Amino acid sequence: MHGEYKVPGGKLVVVDLDEQDGRIAGFRLAGDFFLEPDEALGAIDAAVNGLPVTASAAEIGEAIKAGLPADAVLLGFTPESVGVAIRRALQHASSFSDYEWTIIDDEPRLPIVHVALDEVLTEEVGKGSRGPTLRFWNLSGPAVYLGSFQSFKNEVEPEAASRHGIPVLRRITGGGAMFSEPDNAITYSLYVPGDLVQGMSFQDSYAFLDAWVIEALKALGIDAFYAPLNDITSAEGKIGGAAQKRLASGAVLHHATMSYDIDADKMTEVLRIGKEKLSDKGTTSAKKRVDPLRSQTGMEKAEVQDALKATFRRLYGGADGELTAAELAEADERIRSKFGTKEWLHRVP
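Quick note on the UniProt record's numbering: the sequence shown kicks off at 1 and runs consecutively.
FYI, nobody ran anything at the bench for these hints, they're computed from the structure. On a predicted model such as this, the values are computed, not experimentally measured, just so you know. Hints are not guaranteed to be accurate.
[Unchecked claim] Label-pair restraints from in silico Cβ distances:
1) Gly174 to Gln20: 37 to 47 Å
2) Ser162 to Arg336: 14 to 24 Å
3) Asn138 to Glu62: 45 to 55 Å
4) Val348 to Phe34: 45 to 55 Å
Beta carbons are placed, not taken as given, at the ideal position from N, Cα and C, and that holds for glycine.
Between the sequences and the hints, there should be enough to build the whole structure, so can you do that?
Rendered as structure tokens:
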């Protein structure tokens with residue numbers, strides 16, 4: 001069995017192993033990481049061989065730590081990342097490069113259409129009628145997007161939203177409320193088979209699915225990194241946030257919104273951003289939490305989005321695609337029956 005795991009912000013971990021009587025056998029570790037002393041590689045192999053195939057990534061990591069020489073230095077990977085690669089091998093997980101990707105740079109649409117399309121396209125991937133897809137949203141209007149489990153009354157100032165002509169929507173993913181306007185945000189959605197994140201914890205999968213974005217931002221001169229659980233950030237401030245939904249079919253929706261520019265005054269009028277939410281961010285002002293891509297790159301929004309697409313293609317390939325008439329029709333139906341209803345919007349009052 002073979003497994004690979006690209007450590008977000010780090011190196012590639014590659015494992016090969018067999019299973020004998022419910023235990024790991026013939027284990028071999030490789031990769032482009034750095035490890036000292038040389039003997040540490042054999043120590044890791046020895047620590048893993050004989051472990052039960054049911055061991056979690058954390059348990060494998062603990063076994064490796066216990067077996068390492070006291071002077072061992074690991075750069076670009078961790079004992080836990082070896083555990084993730086092993087779990088992926090045992091569960092026959094796939095990698096980005098195993099798929100033929102479709103990239104859709106969508107035409108401007110109302111925010112509610114994008115929200116409905118996320119559900120429709122994830123289901124299509126789950127059924128096998130659409131392959132793995134990266135879709136960039138383009139907006140024809142502003143919106144506030146509530147997380148699936150957020151309280152409407154706790155998150156939104158309805159009068160301010162109405163005054164500014166900003167509709168409030170609820171998406172199918174968890175996480176916090178997002179405020180975006182057509183020229184101020186870059187949003188993308190990944191629709192992927194569950195095999196791509198097989199063997200990973202939710203936290204690991206967030207960073208894994210956005211690792212290409214971090215690489216793209218670094219190429220633009222941004223000191224970008226991932227802050228658990230789901231923040232794309234930099235030394236200058238938060239850039240954006242991601243959210244996920246996993247369907248019973250195994251398909252995964254992973255989407256993220258990054259701020260290119262932002263009307264901070266309007267955002268703080270429309271969203272109720274309390275002190276409790278800000279307390280773990282090390283700041284007392286919502287205006288200081290988000291540092292837009294415009295200020296860090298000096299580039300136009302379209303240029304930044306093109307750079308993101310170019311990085312994805314360089315790493316994983318991808319052919320230009322488009323939405324089908326059937327997918328758009330189904331999204332319209334979901335708006336009528338679900339996303340445009342008061343019952344859905346106020347499912348958590």
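I'd like to know which numbered hints this structure contradicts. Please list them from smallest to largest. Result: no hint breaks.
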